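Asker: These are the residues of each chain, in order.
Protein chains: 2
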Amino acid sequence: MAKDRAKAEVSLEHLFRVFTKPENDDSTLAKIEKHLSDNLSDFLSQHVVAKKTSLEEIEKDFSNAAIPVAPEFVSSHAETLLDKLVAQSVNTYAPTFIGHMTSALPYFHLPLSKLLVGLNQNLVKIETSKAFTPLERQTLGMMHNLIYAQDEAFYEKYLHSARHSLGAFCSGGTIANITALWVARNKILGPDKDFRGVGNAGLVNAYRHYNINNIGIMASRRGHYSLGKTIDVLGIGRENMLSLPSPNQVLEPKDALRVGREYQDDGNKMLAIVGIAGTTETGHVDPLDELADVANELGCWFHVDAAWGGATLFSDVYRDKLKGIEKADSVTIDAHKQMYVPMGAGMTIFKDPAHSNAVRHHAQYILREGSKDLGATTLEGSRNGMAMMLYSSLHIFGKGGYQLLIDRSIQLAHRFAELINSHPDFELVTEPTLSILTYRLRPATLSALSTMHSQKQIELNKKLDSLTVSVQKQQREAGKSFVSRTRIEVNQYGSVPITVFRVVLANPLTTEKDLLAILDEQLSIVAKHSIWQSFAELPESKIA
Amino acid sequence: MAKDRAKAEVSLEHLFRVFTKPENDDSTLAKIEKHLSDNLSDFLSQHVVAKKTSLEEIEKDFSNAAIPVAPEFVSSHAETLLDKLVAQSVNTYAPTFIGHMTSALPYFHLPLSKLLVGLNQNLVKIETSKAFTPLERQTLGMMHNLIYAQDEAFYEKYLHSARHSLGAFCSGGTIANITALWVARNKILGPDKDFRGVGNAGLVNAYRHYNINNIGIMASRRGHYSLGKTIDVLGIGRENMLSLPSPNQVLEPKDALRVGREYQDDGNKMLAIVGIAGTTETGHVDPLDELADVANELGCWFHVDAAWGGATLFSDVYRDKLKGIEKADSVTIDAHKQMYVPMGAGMTIFKDPAHSNAVRHHAQYILREGSKDLGATTLEGSRNGMAMMLYSSLHIFGKGGYQLLIDRSIQLAHRFAELINSHPDFELVTEPTLSILTYRLRPATLSALSTMHSQKQIELNKKLDSLTVSVQKQQREAGKSFVSRTRIEVNQYGSVPITVFRVVLANPLTTEKDLLAILDEQLSIVAKHSIWQSFAELPESKIA
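Respectively, the protein sequence lines represent chains A and B. Position one of the first sequence corresponds to residue 2 (my numbering), numbered consecutively onward. Position one of the second sequence corresponds to residue 2 (my numbering), numbered consecutively onward.
Everything hinted at is true.
Which copy? The list can't say, so a pair holds if one copy fits it or any two copies do.
Calculated pairs, DSBU-like style, for lysine-lysine (alpha carbon to alpha carbon, straight line, at most 30 Å):
(1) LYS188 with LYS270
(2) LYS481 with LYS373
(3) LYS61 with LYS32
(4) LYS85 with LYS352
(5) LYS188 with LYS328
(6) LYS22 with LYS85
(7) LYS514 with LYS481
(8) LYS8 with LYS158
(9) LYS8 with LYS32
Keep in mind the hints are simulated off the structure, nothing from the lab. Keep in mind it's a predicted model, so treat the numbers as computed, not measured.
Excised from the complex, chain A in its bound form (with noise of 0.2 Å):
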């Protein structure tokens, strides 16, 4: 337990303390410091509980909403911070952490987020980011680079230019879709003959304007949730989110274009159609240049989706599964998810350097007219310099290194699929295509599941949905490793769906033993259940 916080006089002179003498190397805080720096893995098992405490007890421990009045020694505070936040926090480095896009980082970052704290500037605007501006600028240019592919003139042009942006760096991917549909929107509803753009007249007199009942957004039902929200916010309406039925996880170039013109020909307008490389659920890559044929066809806008997918782009061995990305109007790609950057790494990626100026925006103390200021065509304001952070890494990984990181997780879960597949006790739900993948328990005796009949199979899909649940939460409370789960349907059982347990492996440090483990460990939970053991004990013909 935490001792008595220690508290601290109220004076200026202790403040100034604060803001200008750093820790004695004996307080807890250096402490804590020097531990991570030595040994981060060895400071996170050592501190993180592994058995885990229920939310309900933790949230005694942070249920005070009164502000204390008196400040607080940095130390006794950091004892708390041990005690209760960290003690009670999750190990994502752990390598059998594999249940969500969030893992472990470079060592590297943790002296570089010290620097970004200690120089403190506000890339808004020049005059507090100066050299933090090209740098972002730069770091644009590579990303674009990355997926389009221009030549050095291109870049020598564009990189700099006060007129154009090549790219949004902003907080993360949901902020990324938001800023790449936002522009769509503009553009496709901008200004015209006696109009003065959907930005200064609003949606309603844009869609009497240009004479449309309303305008969509098309995406495969695997599509990020960040979509909908975009639609919501954009004021467009979720209704006109057209998610269209994705059995084999991706979308249909032939449904898209039957649908958008079925659409089209009821008086709205096709905004955008978004492909994703890489669904947060499955991993899978929708057929990128056929629907980039599919947007141009309906005369609209293609964005890519590539939060998760878009590093895959640094392998010549399996970047070709996002072919045709190079012809998307602008792509969202997440440097904190496969390029090991510590959150709030989020990038909109525009194809036409002039997109941006949709959504240019001007006032009078920064972001002036001509200025290079990078606000003037984010959607977010005062943001940090953290795109150091990525310029950093695509020098230390370079091209070469993340190549080997993508080609070594894509290989582990092809492994893993060879492991599931192996096992007469597990189904692999959804084969990889990036690093992600969907599998459940499923006893050998149900293994003709998938050709029953209907009734009966939803029936029996029943209960392996709530045996999945059931073991997801256990292995989590136990607290040695962690799958994540989700609903999705499959084309193997129909339009129904069904529970599966979800597996991203992005941790460079997960081995094949650490997924024995996970499966062994499985199957222990399992067998300790009713439903389970009365599966194992039916013959084949009882159940079907």
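Given the structure of chain A, go ahead and fit chain B onto it with the hints provided.
Answerer: Frame of chain A, contents of chain B only:
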């Protein structure tokens, strides 16, 4: 100059080391880190070059859009960062850097930033943030308490309720304002008989259902430029931003009521009045208490943008300036401004814990119905644990500590105003309400400028404007100190805006001596200007 970048081999072994082996104590990055910890201000003054290089020169260092193929050793890269990036950064910690809201941060944020990256929690869902979720909820509760001061039973009921939230943590004030007005829009055009709400049906159907032409947002002309972005992105259109003239730098309640009524009489609906607590340019606070009544009278939302001024609530001496903020439906506050938290700590606080349900959304793999995942009501998705920085600051400063810092800044601003007023060649343009003020160089011979006839006044003000721009730039480039500039309309010069120096006194280390030095430097710069000399030579009769 940086040495040639040392390239590492492209091998998984090398990459694993980047993930598992920290820097040696004698590596460049470790030395940078130690210097930052030992004496941040010494690090900055040693590495940040005072005399500024031109932006075009700096851009040359960041002009390569090619991604390097081979990995680079961390230490080699760190040297490049020092030479090219740190050297050309802005020293926002300097006590004489008083031009923007970005200033010095307390020391404890350096190690905490490492802890943040080391833990790498993702706040969107509890599975990747466990204790950070309750911590963020508590922190939002403390801020709610600061504004709305409800009783203990209220916080006990709502702080950790899965169906409520007291606010939304986000990357900054812009996202906070968008979130607040998104919620307002979805509440005011919410679900109704035969209508599924604007979030589902879109603005066009909402206007039709509610039989209105447009919805509008009102603020004074001093409203932050993020309001323009907000009304654009929400689909309402910038033409429905009712920006009222504000010669006294505030939104006059009777004007607000009159304009609001006229707007509604024309078949429109007022969405929100935005009161500002600390305008970005002059630091003024709108008469919140009366504006709350106007909003009530008009039947619209009342939002307060207290991104800058919200921290004034810590001060028993000055909190009355924000009287009426407790009537606001939502409040924006940025902890990375006057609360000395690193960038990325914006918040919207909601008076009613059910407000944010107007934008609640779900997904299958996270944000499930009934979960306490924070992402269910935020605009952003993945977010880091920045709330920890605010949580720690609230404990380490305490209300008492923040009060001292706030009081000191406001008192220093008043002292600076006195210094300006007492010098015949300066004109205080706007008095400090909080810790921001504006002024300019105006020669003693023109002390009667505000009473001169209009044409002559405009002409002379134009000359002074160009002087202000020139002096501001020269002072910035000299690199010893920094004040910003803006253009504002002020009562004494009618509706024609004038250019002024803008000063933000937030750095607790800034002293009266620093301020005197800044005025002296400006006088010595301007003395060399021929325009200024000509003013000095002219007898007063000739000017008027």
